[in-house]
Every structure is written in structure tokens, then in C-alpha cells.
Amino acid sequence: MSNEDHESWSELVVAHLLDAADDADEAAYLEHITACGQCREFEAAMSETLAEVAFAVPGHQPPAALRASIIGAVEAESARSVVALPRRPVIDVTDDALARAPVTSTRVRTPWLAAAAAVIVLAAGLVGWRVAASESPSVAARCARAHCATATLSEAGRSVGRVWVLDSTVYVQASGLPATPAGRSYVVWATATGHAPMGVAAVRTTPAAAPTKAGELPQPVALISGFAVSVEPGARVPAAPSHVLAAGALVTA
Amino acid sequence: MANSRVRAHEAPDDAALAGLLATRDPRGIELLYDRHGSAVYGLARRVVGDEQVAQDVVQEVFMAIWRGAASYDGSRGTLTAWLYALTHHKSVDAVRRAQRHASRRAPEEVLATHVDPVVSVEEHAIDAERRDRVRAALAQLPEPQRNALLLAYFGGYSQSEIAQLTSTPLGTVKTRTLAALRRLNGMLADVHAPAATDGSLRADGSQPAEGEEV
Numbered sequence: 001m002s003n004e005d006h007e008s009w010s011e012l013v014v015a016h017l018l019d020a021a022d023d024a025d026e027a028a029y030l031e032h033i034t035a036c037g038q039c040r041e042f043e044a045a046m047s048e049t050l051a052e053v054a055f056a057v058p059g060h061q062p063p064a065a066l067r068a069s070i071i072g073a074v075e076a077e078s079a080r081s082v083v084a085l086p087r088r089p090v091i092d093v094t095d096d097a098l099a100r101a102p103v104t105s106t107r108v109r110t111p112w113l114a115a116a117a118a119v120i121v122l123a124a125g126l127v128g129w130r131v132a133a134s135e136s137p138s139v140a141a142r143c144a145r146a147h148c149a150t151a152t153l154s155e156a157g158r159s160v161g162r163v164w165v166l167d168s169t170v171y172v173q174a175s176g177l178p179a180t181p182a183g184r185s186y187v188v189w190a191t192a193t194g195h196a197p198m199g200v201a202a203v204r205t206t207p208a209a210a211p212t213k214a215g216e217l218p219q220p221v222a223l224i225s226g227f228a229v230s231v232e233p234g235a236r237v238p239a240a241p242s243h244v245l246a247a248g249a250l251v252t253a
Numbered sequence: 001m002a003n004s005r006v007r008a009h010e011a012p013d014d015a016a017l018a019g020l021l022a023t024r025d026p027r028g029i030e031l032l033y034d035r036h037g038s039a040v041y042g043l044a045r046r047v048v049g050d051e052q053v054a055q056d057v058v059q060e061v062f063m064a065i066w067r068g069a070a071s072y073d074g075s076r077g078t079l080t081a082w083l084y085a086l087t088h089h090k091s092v093d094a095v096r097r098a099q100r101h102a103s104r105r106a107p108e109e110v111l112a113t114h115v116d117p118v119v120s121v122e123e124h125a126i127d128a129e130r131r132d133r134v135r136a137a138l139a140q141l142p143e144p145q146r147n148a149l150l151l152a153y154f155g156g157y158s159q160s161e162i163a164q165l166t167s168t169p170l171g172t173v174k175t176r177t178l179a180a181l182r183r184l185n186g187m188l189a190d191v192h193a194p195a196a197t198d199g200s201l202r203a204d205g206s207q208p209a210e211g212e213e214v
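Just so you know, the protein sequences line up as chains A and B, in that order. Using the working numbering, read the first sequence as starting at 1 and increasing by one per residue. Using the working numbering, read the second sequence as starting at 1 and increasing by one per residue.
Because the hints were derived from the structure by calculation, they are not lab data. All residues carry an ideal CB built from backbone N, CA and C; glycine is no exception. Each hint should be verified, as a subset may be incorrect.
Just the calculated beta-carbon pair ranges, DEER-fashion [as the list claims (entries may be wrong)]:
1) A:Ser78 <-> B:Pro142: 47 to 53 Å
2) B:Ala136 <-> A:Pro207: 51 to 57 Å
3) A:Pro207 <-> B:Ala22: 42 to 48 Å
4) B:Gln164 <-> A:Pro178: 29 to 35 Å
5) B:Arg97 <-> A:Pro207: 28 to 34 Å
6) B:Asp132 <-> A:Ala79: 38 to 44 Å
7) B:Ala15 <-> A:Ala156: 38 to 44 Å
8) A:Gln61 <-> B:Ala70: 28 to 34 Å
Stretch-level coverage of chain B by chain A, calculated; a stretch enters the list once three of its residues show a Cβ under 8 Å from a Cβ in chain A [as the list claims (entries may be wrong)]:
9) 41-53
10) 60-73
11) 82-95
12) 143-156
13) 177-187
Sequences are here, hints too, so could you generate the full structure?
See below:
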């Protein structure tokens, strides 16, 4: 599909907005949308129209308990967020520093600092794909017990990998993709309605590699609609995917 | 422009709500819920077909808005559009989980959406007016286009599934869905958004011929 063929791109945008795109179309959409202002504008306009379609059905007053539950949860989170937080450590994220330090040295334990870890991964790029492989065999089992969210990564209708989200940590396996080409990396992207694709981590892998930790979610899992994998030059997470290889919707068990 | 699609009397409220949410003010969620809660719940109920699951969806939606508001990208749509897109997405996710348990709603039930005469007694008059306007627009769509759109939006069917259900080539389903949404955009914009004529709402610059059916 050429970039000039915007009739076809418009079809993909609409399919995406309706959550009705097949995996290959979703991957093509993700690759295209970040680079095409015309399609982003079209997407914004069509999202307004779809919001109107919601009004084709009558509204229903939800139970009062639901409002209380939502407001209570929001106020509880708001109260937690104003509790004094520990001072954020200064972490050297230069290439040299990362080359010297083991990847595990950037791991953090508190939920608040998990966001800092995500920033480190986003900014500094490459995660040693096999560094944490020892913890991978239990990922699927732990996920099954925890009913965590998963996504099957597909390329042209063929399953090539899988993503697991345990708490806010993203685990990836790409058994159907070739080994990462020399001088390049695979970048894992999280997608969310209303957001451009968000880089999670740059990784290197082989088809035989076990599922392993890629990075922390850039947004709460409740916001994430799917994942994609692109191939990128070097070892950094770029601002936008340049060539999406596979994608899939996030499904909660 | 996209933001102009929000009806004029609502735009300031939307902006104010977005401002509250961006500063992590819980009143933002409270006001958003009071303004949209019944419509969001109505949409979720329609898509998932189960009150308890719909309530779970609504809770997830408003918590997602609360947690993601600070990084919300307004250039990709208004807060209202984001709210209903999230509701749709999470409802479809719930439907697809239900599909795995063989309890999905039948296509015929989905397609009755735009003629469903049920109106809740508590529904606000302005919402009723809005519903009538959207239904009138849906009714003007050629049936194949309308069915493609409704099966996806209210049924949670993928375009491949719709192609199978309607014995139609996948490419035709895609074309029909795009045509349906474009027509709706034009019809609804004619009523409420003067900016619809500025061309920005038509990414490819084309205008389907009157009465054209794909």
C-alpha cells in the first residue's frame, strides 16, 4: 500500500477506530499513522463521529453504587499520590554507563519508581534480551494464575509472538520472528486510544529465546489497547515506529 | 477541525473537564461521570449485553481516563471522543472475552440497534434529541454500509468476521465501513459543525456521490 493511497489508509484508520482491524491491518495502521498528519487529522475527525454513534442507543442510569465506587477509587488514588515520595535517585543513562552496568542495576522496586525505569528503558534503549531469561519459564504460568492481559503478535495473519503484562511489566516472546538483524533492534510498542504508539523497550532476540522481561508499561494497563513490534536501526527506541513487523490487541483473561 | 465537532454548548465543559483531569483533580471524574455516565453505561450495556459486565466496563473506563488524563493527547480527538472510544474498546474487549465462552450476541440483535424503540424514562431530553438525530442519520445510510458499521461498533465484530457473516469480500466490508462513517460525518456535521465544510474532515478530499452505494 503506497503512502499516496489514502483511500486505503482511511479504511485502516476507520477499522482501527472500530477495534475491527485484523492484525496485519492494525500493524500497517500503527506504522503509518505516526508519520501521516493527514491520517491523524482524519482519525481525530472520525473519532468524533463515532462518539456520536454511541448516542444511537438510549442512555441508562447506572446504579448509584457504581458512581460511588468510581469516585471512591479515584479519591483513594488521588490521596495516595500526594503522600510524600522518596527522592528520585539520579541515574546515569548514557550509553557508556549502561554499557558498564548490568541491566538489572536499573531495576526498581517501588511502583512510583517503576515509571523511572520505563523512562530509562525508553531513553537509553537496548535491553539485553537474554539477561533476564532465567525468570522467563514461569511467565506464562504466573500470568495464567494472575489472569493477566496478553497480546498475540501477528504478521500477515500468522502468529509470530506474544506479550504478557504482569502487574506493569511487559514480557515478550518473538518465536516467529527471525533473529534480530545485526546493527538493528526490535522495539516493543504499546498502543492506546488517544495516544501515539509508546515505545516500551528495544530488544534483541532469537526465535529460540524464552519469554522475558522487556520493560515497564508507559501507561496503566487499563489504557493499553495492544502491542506492536517494529525493527529499528541501532539500539534505541525512536519517537515513532518506522517499520512495524507484527501487532496484536491486548486481551484481558 | 476535530474539536469543532463537539457541539458548541458542550465545548467549554469539555475543556474545563480536561483541565481538571490534567491536574489530577478528582472533581474532573465526578463531573465527567455525571455528564456522560448514563450514555457510557448505555453504550457498554448495548455492546456487552450484560449489566454487570457493563458496570465493570464503565468502572474501567473512568479509571483509565483518570490515570491517563495527564498524558492525554488532545490533538487526536476531544475528551468526549476519547471517553467513548475507550468505552467502545473496553466493551469490545469484554465481548471478545465472552466470545471465548460462547455467549456473544447474535448479529440480528446487533442490527436492531438503530431501530430499538426502548427509551429509558430518566433519559435527558437533550440526549433524546441527540439520539434521534444520530438514528436519523444511520437510517439514511445504505443498508450494507449501515450493517457493516453497526456490526463492528455495537457487535464488536472484526471486519473479517463481518465479511464472513455477510458473505461479502473483506475489501468490500472495509470500503462500506469507511463510506458509512464518512456519510455520517457529513450528515452530523451539517447539523452541528460549520467547520465540516473546511475540508479537514475529509482526509482524502473526496466526496461520495449522492446516493452512491458500495
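Hints, verified against the model:
no.	hint	verdict
1	A:Ser78 <-> B:Pro142: 47 to 53 Å	holds (48 Å)
2	B:Ala136 <-> A:Pro207: 51 to 57 Å	holds (55 Å)
3	A:Pro207 <-> B:Ala22: 42 to 48 Å	holds (44 Å)
4	B:Gln164 <-> A:Pro178: 29 to 35 Å	holds (32 Å)
5	B:Arg97 <-> A:Pro207: 28 to 34 Å	holds (30 Å)
6	B:Asp132 <-> A:Ala79: 38 to 44 Å	holds (43 Å)
7	B:Ala15 <-> A:Ala156: 38 to 44 Å	holds (42 Å)
8	A:Gln61 <-> B:Ala70: 28 to 34 Å	holds (30 Å)
9	41-53	holds (count 5)
10	60-73	holds (count 10)
11	82-95	holds (count 10)
12	143-156	holds (count 5)
13	177-187	holds (count 5)
Checked against the numbered hints given earlier, the structure satisfies every one of them.
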